[in-house]
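Asks: Based on the hints, put chain W in the right spot on chain U.
Chains U and W, in that order, are what the protein sequence lines are. Position one of the first sequence corresponds to residue 891 (my numbering), numbered consecutively onward. Position one of the second sequence corresponds to residue 2 (my numbering), numbered consecutively onward.
Worth flagging that the hints you see were computed from the coordinates, not collected in a lab.
Pair by pair, the computed Cβ-Cβ distance ranges are:
id: 1; chain 1: U; residue 1: 962; chain 2: W; residue 2: 123; range: 17 to 25 Å
id: 2; chain 1: U; residue 1: 1100; chain 2: W; residue 2: 222; range: 57 to 65 Å
id: 3; chain 1: U; residue 1: 1100; chain 2: W; residue 2: 54; range: 46 to 54 Å
id: 4; chain 1: U; residue 1: 960; chain 2: W; residue 2: 215; range: 51 to 59 Å
id: 5; chain 1: U; residue 1: 1011; chain 2: W; residue 2: 120; range: 33 to 41 Å
id: 6; chain 1: U; residue 1: 1134; chain 2: W; residue 2: 146; range: 56 to 64 Å
The beta-carbon is built from N, C-alpha and C at its ideal position, and this holds for glycine as well.
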Amino acid sequence: MSLSVRIRHRQGAFLLDAAFESSGRLTALFGPSGSGKTSLINMVGGLVRPENGRIEAGGRLLVDTDARIFVPKHRRRIGYVFQDARLFPHMTVAQNLGYGRFFTPAAERYADFSGVVDLLGIGHLLSRKPASLSGGEKQRVAIGRALIASPKLILMDEPLASLDDARKAEIMPYIERLRDETKIPIVYVSHSVGEVARLATDVVVLSAGKVVASGPAAGILARFDLLPEEQRAEAGAMVDLTVAGQEEEFGLTVLRSASGEWRLPRIDAPVGAKIRVRVRARDVMLSLERPAGISALNVLPGKIAAISADAGSEALVSLDCGGDRLAARVTRRSVETLGLAVGVQVFAVVKAVTFDRGTIGNLQHDLKG
Amino acid sequence: MEWLHLSPDEWNAVRLSIKVSTWATVVALPFGIAIAYALARREFWGKSLVNGIVHLPLILPPVVTGYLLLITFGRRGPVGSLLDQYFGIVFSFRWTGAALACGVMAFPLMVRAIRLSIEAVDKKLEAAAGTLGANPLWVFATITLPLIFPGIIAGMVLSFAKAMGEFGATITFVSNIPGETQTLPSAIYTFTQVPGGDLGALRLTLVSIVIAMVALIASEVLARRISRRLDIE
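Looking at chain U on its own, in the form it has when it is part of the complex (with noise of 0.2 Å):
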């Protein structure tokens, strides 16, 4: 399924002037809040109307202007989820997650009911009013309120934005669950790096209600200049790793990709399982010559791919560590004393313990393309 979309909108001072095209499993819509993020999903919801342009979901036209098309939102057949879970409250649980069903022409129903609920944990709440519920529980029903319509697209507007930590902890895998175990494509809302780097498979960058980048995760997530300042911390390379075996006596898991082997702490996950991480920038060190006698795991050979110097003190280095593309962030004086350059030869250093719940992710959805 493919989503095509071309919008022009003015909101007041605010202009949306944006077009991107996106057949990923999980496209994340990217930057800061007000950028129009939600104004651009609420218009391929059907929510608002745009004064100009042009919406194509997996064949279908949606809206254009020019010729006066305009599908009302409640015959798209497309979910969303909401930040704020929007469960109706008169209703419990079960009749929540039964609405959309009910609107779904018979032939079109493609949701298991139970299989939803399985997948989402929520079998136990089924009885129970939404006012009872956790954040985190109302969102896991939003999730299956949407699914069980058996829509051909989900939208998902910053799903965790209002959950602390721990909650979002609790929601992410079931996410990484829906993209991995159903056909159906998602569009996901975030300003969050974190988030965006775990789930995403594509990325849409947005700023100022225009598109400044877009393409496969891992090429955008490296990219420095397109994070907001505040986030760049959290800016790195997306490496696949497989997992070769655990070391259960120091609780780490070996994992091997073209760079190399790599440890990292435990993750339960079977030999030959897939993982995605992302390596956080800040967290690489570069070294001239194999270091020996230090403490990090990680040493990876690679050669330096190119430089980009900021008007700071910072410089980022792109590696190519045997086809796999990882980033440091050094000092540009490192970067002079110890002659970096485009082709030169070093090692990439990683500690193990950088690695957490933010940057490890499962990546069952590139095995199956």
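Replies: Below, chain W alone, put in the same frame as chain U:
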């Protein structure tokens, strides 16, 4: 306690008042919900005019409203003559006319109560129902309507109470005929106009108080039961 016993005429006035108020409230309800919804949720040309007309009976002297009804819905009035000719419906000097007068007078109160409750319903819930495939009519029936139930009950009680007490417009439009258009307030008024009528007026006053209290308590109980069922907070 002999003085508490109601005469047949007084019973008639009590029964008639309840009948008139019930009909006025029930018949006005669908119109009340529709207009409240339009005022709360829709933008249309002439919205403030509609709003003004609905609220007019609240501001006008009741006698003026009654007189307007008389010249419009009377046998020779433009609307009244048509209704009489084509549907056989007659309002003037009938209990139906009393119900019409009470309904019109109580309408703004009903619309206000329901409109406020519709405005309190989160539009985002209605939008969410739309994304799940419900067309606007279904959204109203399954989301808005259940959530405004307490407001509808409040509107009906207010309207019923107002109808029970309506006097000016009723007596102007359909006069004060015992057994046909003599409601409780008209009967009380009649008692106060004749020598020795004090006791009768007092009896009917007590009846009015009892009916008002019962209606109020019943609505409280109902509203509490509904909001427990809704279990919103």
